[in-house]
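In order, the protein sequence lines correspond to chains A and B. Those letters in the first sequence? Residues 1 to 998, by the numbering used here. Those letters in the second sequence? Residues 999 to 1087, by the numbering used here.
Careful, some of the hints might be misleading.
Stated by the list, open to error - Think about it this way: if two alpha-carbon atoms lie no more than 30 Å apart in a straight line, the pair counts; the simulated DSS-like pairs of lysine-lysine are:
| id | chain 1 | residue 1 | chain 2 | residue 2 |
| --- | --- | --- | --- | --- |
| 1 | A | Lys282 | A | Lys226 |
| 2 | A | Lys282 | B | Lys1003 |
| 3 | A | Lys400 | A | Lys389 |
| 4 | A | Lys653 | A | Lys616 |
| 5 | A | Lys395 | A | Lys325 |
| 6 | A | Lys158 | A | Lys267 |
| 7 | B | Lys1035 | A | Lys884 |
| 8 | A | Lys481 | B | Lys1003 |
| 9 | A | Lys226 | A | Lys469 |
| 10 | A | Lys343 | A | Lys497 |
| 11 | A | Lys889 | B | Lys1024 |
| 12 | B | Lys1013 | A | Lys158 |
| 13 | A | Lys882 | B | Lys1035 |
| 14 | B | Lys1013 | A | Lys611 |
| 15 | A | Lys266 | A | Lys166 |
| 16 | B | Lys1013 | A | Lys160 |
| 17 | B | Lys1050 | A | Lys449 |
| 18 | A | Lys433 | B | Lys1013 |
| 19 | A | Lys673 | B | Lys1081 |
| 20 | A | Lys449 | B | Lys1045 |
| 21 | A | Lys240 | A | Lys282 |
| 22 | A | Lys447 | B | Lys1050 |
| 23 | A | Lys282 | B | Lys1013 |
Because the hints were derived from the structure by calculation, they are not lab data.
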Amino acid sequence: MSQPFRLNKEGLINRNKKISFTFNGKKLFGYEGDTIASALIANGIHLVGRSFKYHRPRGFFGAGAEEPNAKLQVEFNGHSEPNVNATEMELVEGLSATSQNCWPSVNFDIGAINNFLKMFFPAGFYYKTFMWPKSFWYKIYEPFIRKAAGLGVASLEKDKERYEHKFEYCDLLVTGSGPSGLASAYAAAKNGAKVILAEDKPRFGGTLLSDDVSIDNLSGKDWAEKIVSELKSMPNVTVKNRSQVFGYYDHNMLVMFERVSDHLEKKSKFTPRQRLWYIRAKETILSTGSIERPIVFGNNDTPGIFLSAAAKEYMKVYGVLVGKKPLIFTNNDSAYETALDFKKNNVEPIILDTREEHSSELIDEAKSKGIDIRFSHGVIVANGYKKVKSAKIGKLTKDKNSFEKMETIECDCICVSGFWTPSVHLASQSGNKLKYEEKIDAFIPDKKKQQETSVGASNGSFTLEESLKHGFENGSNLSAKITETKTEISIPNVNEKKYGAHDKFWCMPLPKNENPKRFVDFQNDVSVSDIEIALREGYRSIEHVKRYTTLGMATDQGRTSNLNGLQLVSNIENKIVPEVGHTTFRPPFTPITIGTIVGREVGMEYMPTRKTPMHKWHKKNNAVFVDAGAWKRPRYYKQGNETLFEASKREAKNVRENVGICDVTTLGKIDIKGPDAAEFLNRVYTNAWMKLPVGKARYGLMLREDGIVMDDGTTTRISENHYHMTTTTAQAGNVLSHLEYYLQIVWPELNVNVVSTTEQWAGAAIAGPKSRDMLSKLYPDLDVSNDALPFMGYKEADFFGVQSRIFRISFSGELAFEINVKSDHGIFMWEKMMEIGKEFGNQPYGTEALSTLRIEMGHVAGPELDGRTIPLDVSLNGLVSKKKDFIGKNSLGREAFNIESRQKIVGLIPIDRKSSIPEGSHIVQDQNAKLPIPKLGHVSSSCWSVENNNPFSLAIMKDGKNMIGKKFFAVSPLKNKSIEVEVISSHYVDPEGKRVRS
Amino acid sequence: MLYIKCPYCGLRAQKEFSYGGDATVKRPNINEEVSSKDWDNFVYMRKSPRGKHVELWQHIAGCRQWIKVQRDTATHEIFQTAKVTEEIR
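Just chain A, same shape as in the assembly (with noise of 0.2 Å):
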């Protein structure tokens, strides 16, 4: 098991640990500190996946985020991930990876056909092809392009594995731990400031790992060393690798990713797979580097065509060649650095270099080694399929738009420098305004919107000497705003090589009769040609070039693409690029998992689960829970075999006849106390509010301005000026806050004070023709005549020796009362009534049985008061009161509020008396008219009357009420029903409430 292109010393890896994986199937090795693609190009393995659209072989161009085409689908600790970066992904035990985007293999793709009738795939093919016939669009072209565009494959399984969100308040987050990011982070240290330091790789270091420089006599990966131990032994410094800060967002909000145990073998139960931070930082400096970017030219995406600085990096970091016979393609000198260290590993490089001859200190270093250096040149198109074998290259006129001469010669593989670009991103998604910098070519940061400073090559200096000096003052002078400290650095001395100018030179011309695809952005398949025709057919702003032709919106972002893209742009339209302008980066600035956005709010996490005191006794009766906002509430409690039908009418049937009890917990209370309650109720509620006794309860309806019916409830009187209020337990948060915005901004002068209650009191309501029975033998020291507790009656009385309140109310439109106990007390409540209640046939009941008896009775709830009904619409404008003003009053009297035909609610019940009518069902008069069919209305809730033995619906309905009597069909598409229903009164039992007041 040899590495052919592994060299034996260099490189920061662990050679004392193999660690074993799979590619596509095939057993290989790497080392420990590898990435998939440092060990795949050890093993000499540069074929990794296929192309997006024309299905062309690709191989690796880079060594980080900057990556356009490795991207894998990878498979370790038990989950399997698509789009993994292979240049990212660091190598574990076991890992196996498999290219994308391929079928039946990398090797031999039937998509690749795409490449051969490429002709017809070009810039805007998807939007001019499948616009017609309209039809095909769902069930032929778009399952058919989402096959063949697909990326990797998402797992279908649950995702077992830990994902955490963090919180972070600094002082200073520095993004990067370049020569600059390092320098700044240490200074602001030094001031004593609190410091995050995140680096998105493993190692800490930046370019000091692979450039040939030193810095106070240290090579440049020593003193990062020593930085980092000493930053890391600062207790106000927060030091992160493998953690990317991938989101600038409002008020100096950043957003860290951190990769905290992919990379490990074994980890324990609770350790997080990825964590994500939201860092709060008053300043940050952006030292986020800069990225290489290309030379385009002819088929230059074949596999074995890397980034110079790549190159290097698999070099320096990895110990691996990316190949042994190298051509250099640059224009500009940090490829010589590649160059030399190639030649340092005794493999003899070619530098193909498009300025004409001059001189430099690396050109100069460069001819001494006896490099063959050819100026003038450049590559025209790289030749092989699967791997490069050869390139024709070519020697420019001056001009630079043709050859003077070309040839063609072997090589194993290209390494392509077209200069740096800063990497912008994150001060973009600040809000800074980027301004073109002709010096290099690029954009970089201009004025600032938020506490943010680039520093470093981000910033468009690309010597160190300059980004140290940066990074070493804007971290001192930003810490020391905040920290009033300012500690004296001395800027240490550097050793580096003296870069000459480059050439502005971006794309090989083509020669006559040849036109090999000489893609700009390689992850999205965008070639020159693709650009042209953009151009050609009108799209002129960068933003629609972009959309067209898809340039720079894979995943990647366009980091290699981008400016490439735009210098065609204004090469054609003969503009400067600032005057194209960019498109507009945005956050991730390389993709997250799912898994991290959402954390831990998975499963039972994914809200809070609020549960009534009394929660433990549902469980263990057999309670079946139905969620009612964040509450649980037993739905039903369920008996033997029963289904949730028999088990709610069960229920419901013995509230009727015997007495039965209900969890009412989850119902909103409010205390509401002040001299100036009755006044402030009065206003808030549409009924008359200022003569309710102190001990007496009663209905209210509350409104939104607009007239619509927000809530309704009832309040009693515990005092003089001590009141308690009910709410829906939907609506509990919304009226609480409804009536602070009343009592602090529109009625200040109110003395009124409001709280939220709700979680003080256990609830329970007896409901039923023996709930007095019951009531009496619960209070046996206690008067519960129809005399002493009437109807809308309140009592504070011992229950067993607990404080309680009782309350004559009823929902079910039974005889019934309603306990309240301080919560603590609640399951001693509870239990107490299961025990006397047996006598009288208690049982408990949940909320299905619970809105059977509402339906039943017409008394409304939430799917009646939707937010669209006035009073008049469900028969409550009995309790508007026409003296005194409320909160909607003024809108009440708007015309269409007051038209005679307007919804009301009725009852339904269908002619066979046996069909249930489904919820949602609309009310039409014709169910074979023609579409669209005039809609009556709508049923809002549905039961089995238990009372009549036969299914009974509510419904809003056009001109209600004078529809009773007359038959209808309710129609839902959804469940395929139509039922013939006859309309009645909205009371179906107990119309005059005799029972509730018996």
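Dock chain B against the given chain A, drawing on the hints supplied.
Okay, now just chain B, sitting in the frame of chain A:
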């Protein structure tokens, strides 16, 4: 993810607040005769300015106070926050 200074509690994350609309809208007085037009303006009509906007927020997961926030609707810059009883100029 705004950072809002509650005049009672200090700087807090946006998560703790809920939005309450234009703070300059004045409800007609209770029991006051209002023309339909004025009432409709109060209930429905809101400006949607680009730029400075004085709006209400409630510190719902904090002190529960309604507060005034002067914010740039385009850039989210917050210029000033105040108690509802205070003026923002």
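_Name the hints, by number, that the structure is in violation of._
none
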